[in-house]
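Colleague: Once you have looked at the hints, place chains B and A on chain E.
Here is what each chain is made of, one letter per residue.
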Amino acid sequence: MLEFFTLRHDQTATEAPAVTLEAFAGQSNAAAVRIEAGEDARELLSHLDRLRLVEVNFPVFGDGRGYSAARILREAGYEGELRAIGDVLVDQIGYLVRCGFDSFEPDQPLDPIALKAALSRFPHHYQKTAEVDRPVWALRHG
Amino acid sequence: MYAYDKYDQAVVDARVAEFRDQTARRLAGQLTEAQFRPLRLMNGLYLQLHAYMLRVAVPYGTLSSRQTRMLAHIARKYDRDYGHFTTRQNIQYNWIKLEDAPDILADLASVEMHAIQTSGNCIRNISSDQYAGASADEIADPRPLSELLRQWSSFHPEFSYLPRKFKICVIASAEDRAAMRLHDIGIELVKKDGVIGAKVFVGGGMGRTPMIAPEIRDFVPFDEVVSYLEAALRVYNRYGRRDNKYKARIKILVHEMGAAEYTRQVEEEFAHMKTLGLDPPVAELERIAAHFAPPPYKSGLTDEIDRSDPDFALWVDTQVKAHKQPGYAIVNISLKPIDGIPGDASSAQIDRIADLAERFSFDELRVTHAQNIVLAHVKKADLYEVWKSLKADGLATANLDLITDIIACPGLDYCSLANARSIPIAQKIAARFADAGRQKDLGELKLKISGCINACGHHHAGNIGILGVDRKGVENYQLLLGGSGAEDVSLAQITGPGFDENGIVDAVEKATEVYLAHREADERFVDTYRRIGMKPFKDVLYA
Amino acid sequence: MNILTGNDLATGDVIWWTGNGWSRHVEDSVDVGDKGAEIAQAEVAARRSNEAYVIDATIDADGKVRPAHIKDRIRALGPTVRLDLSLKPADPSVGNWVI
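Protein chains in written order, with this note's numbering: chain E, 2 to 143; chain B, 4 to 546; chain A, 886 to 984.
Okay, chain E solo, but in the shape it has when bound:
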C-alpha cells in the first residue's frame, strides 16, 4: 500500500514542512505552502516563482474546492509540485490528475493495483485543462 505517490520525475520538491497560507505571506524564504479547502489559491499567484510545493487539503473527499485551487494554480503557470493530501481515495485520482495534481499523500494508503487501473482507466477526456492538451473535441477536429 502506498502512503505517498508522485507522478513527477524530479525529486520531491522540498524537505521543509509546508507552512500555512497565512504564514507563507510573511516568510520570504518559504518554498512550500499548504492550502486548506476554503482558502484562496489566488493569494499565491504573485509568489509562484519561489514556490516548489503546494499542498492542497481535502478534509473530506466530497469537498471539491481543492480541484478549483489546483486548476487556478496551473492556469497561472505554476510548474512545481502540486500535492493532494487528506481524504483522497483512488477513485478521485483521475479527476485530481486532470486538475493538475502530480503527487498524493492521502490519509489512507492507496492500493497500487487500483491506482494503476485508475490512472489508465479513461482513454479520452471531454474537457481541456492544463493537463489535458487534446480533449475529445481537439482529437475530432485536428
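Accuracy of the hints is not assured; some may be wrong.
[Claimed, not checked] In silico SDA-like cross-links for lysine to any residue, where the CA-CA straight-line distance does not exceed 25 Å:
| no. | chain 1 | residue 1 | chain 2 | residue 2 |
| --- | --- | --- | --- | --- |
| 1 | B | K431 | A | I944 |
| 2 | B | K431 | A | I955 |
| 3 | A | K973 | A | I944 |
[Claimed, not checked] Okay, the calculated bits of chain B under chain A, using three or more residues with CB under 8 Å as the criterion:
| no. | region |
| --- | --- |
| 4 | 51–61 |
| 5 | 95–104 |
| 6 | 182–196 |
| 7 | 419–426 |
Calculated from the structure, these hints are not laboratory results.
Glycine residues also receive a C-beta, built at the ideal position from the N, C-alpha and C atoms.
Modeller: The following block gives chains B and A in isolation, referenced to the frame of chain E:
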C-alpha cells in the same frame, strides 16, 4: 439524433469497466458504503426504500426506438417489468440488484446509453424542450448545445464534487416548455445582431427554498458558452455553502451574494477562462448539429384529419400539437391513465411506444418533464392509426395539461425521503375529475404533487400544488395555488392548514369550483387565481 | 419494541434481524432492546447487511410484529399502489396491514 463516435463509446465503456471494478471492491469489502456511495450515485444507483434504484440518463429527453427497446428489456430482465419516467426526462427502475448493476450499465452502453451523473453532487442530465426540432417557435434546435454540454459536463475533473447537485436546462423559444427558470442554470437560445447565442439564467430551483433564476448574462456567443459555464461553476464550487445540505444549491449562493455580485465574480472568472482555450471550436457544435438535421419530411401531404370518430377527435384536440412542417403533427402520449401511476409504463407499453416511434416518427421519441412521451414528427395522415394503437395499450388518455395530467413524485410508496404517499392522492384526484367533459371545461390546470419538501414533483410550479408532510406520524397534505413553470413563471403559495388524504381531494375540487365561479372570458385557472388572489379560495376552503 | 432492519448488500432486499440472521419477512423480527447499534455494526462490517438501523415496532392484535411508522410498513411489504408487487401478492389484507 446524436450518434456516438468512437470517442464517446470509449468513454462510456471505460465508465462501465470502472463501475464494475468499484462494485466488485464494494462486494468484497474493500470499499465501505461511505466510500462507495458517492461512486454509485455518480452512476445513478440509489439505495432506496425497497431496493436499489437505478436512474438511467435520457439526455435532453431524446431516445431512439432501439434505445427504448433496451429500456423495456432492462425492465423485464432486471426489474419488475416496468419503468418510471421522471420530472427530469430520465427513467428509473425501482428493484435493481447491485450485483446486476454493472451488467445493466454494459447493456445500456451497447445502445449508447448510460447512467452517468444522474445522481451525486455533480452536473446532472441536461434537460430540454420536448418539442425540439418540431415546433415553429424555436430559434434553433436546443439539443445540439445540450449534447455539447452533456459531453462537457461528463466526468468534469473540477466539478464532480460540488456542494450539491447541479441541473441545467436548454430551451430555444420564448415559450418555456421545460421549466427552464427553475434550474440551477437555464439557457435560452436567443438571437443578437443576427447571431444565435445563449441567454443565461443562474440560481433557480425548487426544493425547500424555491427560487426563480435571475438573468445573469443576456448573451454568450456559442463559441464561448463552455468557458462561461466553467466560470459560473467555478464560482459555485469555490463559494457555495458546504456547511448545510439544505443551503448548498447555487440558488442560495446567488441569493445570499446577490445576483449583481455573483454576475461580477462570474464575469471576472470568465475573462480569465476565455483565454485558456477551453472552448470547442464552432466546428464541433456544427458536427453535433448535423445529427439533428430535420428528418426527411415528405411534402405534399394532407393537412386534413378525419374527425368522424368522436373519441379520436377528442384525443386530437387534446394531445396533438402543431408542427412547423405542413402535413405533420406533434403527438403527446399520456402516461397518466385515470387509474394508473403517473409516469409509469410497463415493458410491453415501452416496446409499443418504440414501435410507434420507429414506424411513425422517424425512429425518435422524447420524454417530457411532465412524465409523458412525445412523438415529434407524425404525419397527420397517420394519426388515426397511431391513436388506435395507443388505445389498445392504454396509452390514449386525452388529458394533456388538464387536471388529470398530474405530475407526481413516487412519494412514500417508493422513496425513503418522502413524508407522505403521493401516488394514491394523484389517483383519487384523477378519479374525481375523470369525466372528459368536466376536464375540458376546467381547461389547462397543471397539478403537481410532491411527497416531501424536496419537491421532485415540482409542486411549487403547479397551478395547483400539493405537498405531502408528516404531521405527528400521520400523512397530511398542504395545498398551494398559483405556480407556473412556463415562461410566466411563478411560485405557488400555500393556502393554509393542511388536509388529510380525503380532505385534500375535496379541497382541490373546491378550488376548481372557486375558479369556475369567478372565471372571466378565456381565463385559465392560474389566470383567475392571479387576478382574484388567494382570499376567495381561502374563504371557501376553510369556511 | 426495537427491531433492526437493513438491506442485503448484493441484492438490495429489505431484511430484518431475527436474532441469529436476517429474514426478508418483518414478522421474523425480534426485539433487539438496546443492542441494535452493536449488532448493526457487526453485521455491516461482515457485509451481512448493507447499512442497518433500529426502528420502532409494536406487536399487533394478532401477535405479529408491526413497524410503528407507515414508511417502515411500506418498506416491509411493498408499495401500496402495486400490491401485486408486495411481498405477499396473494394476500388480500396486505393493503390494510400497511395503512
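Colleague: Quick one, are B/K431 and A/I944 close enough, alpha carbons at most 25 Å?
Modeller: violated, 31 Å
Colleague: Do at least three Cβ atoms from the region 51–61 of chain B come closer than 8 Å to Cβ atoms of chain A?
Modeller: holds (count 4)
Colleague: Tell me whether the statement that chain A covers the region 95–104 of chain B is true, taking a Cβ distance below 8 Å and needing three residues at minimum.
Modeller: holds (count 5)
Colleague: Decide if the proposed pair is consistent with the structure: B/K431 and A/I955, CA atoms, cutoff 25 Å inclusive.
Modeller: Since the Cα atoms of B/K431 and A/I955 sit roughly 19 Å apart, the hinted pair holds (cutoff 25 Å).
Colleague: Checking C-beta pairs, does the region 419–426 of chain B have three or more residues closer than 8 Å to chain A?
Modeller: holds (count 4)
Colleague: Are at least 3 residues of the region 182–196 of chain B within less than 8 Å of chain A when you compare beta carbons?
Modeller: Violated, because only 0 residues of the region 182–196 of chain B bring their Cβ atoms closer than 8 Å to Cβ atoms of chain A.
Colleague: Would the hint linking A/K973 and A/I944 be met if the CA-CA limit is 25 Å?
Modeller: holds, 19 Å
Consistency with the previously given hints fails for numbers 1 and 6, ordered from lowest to highest.
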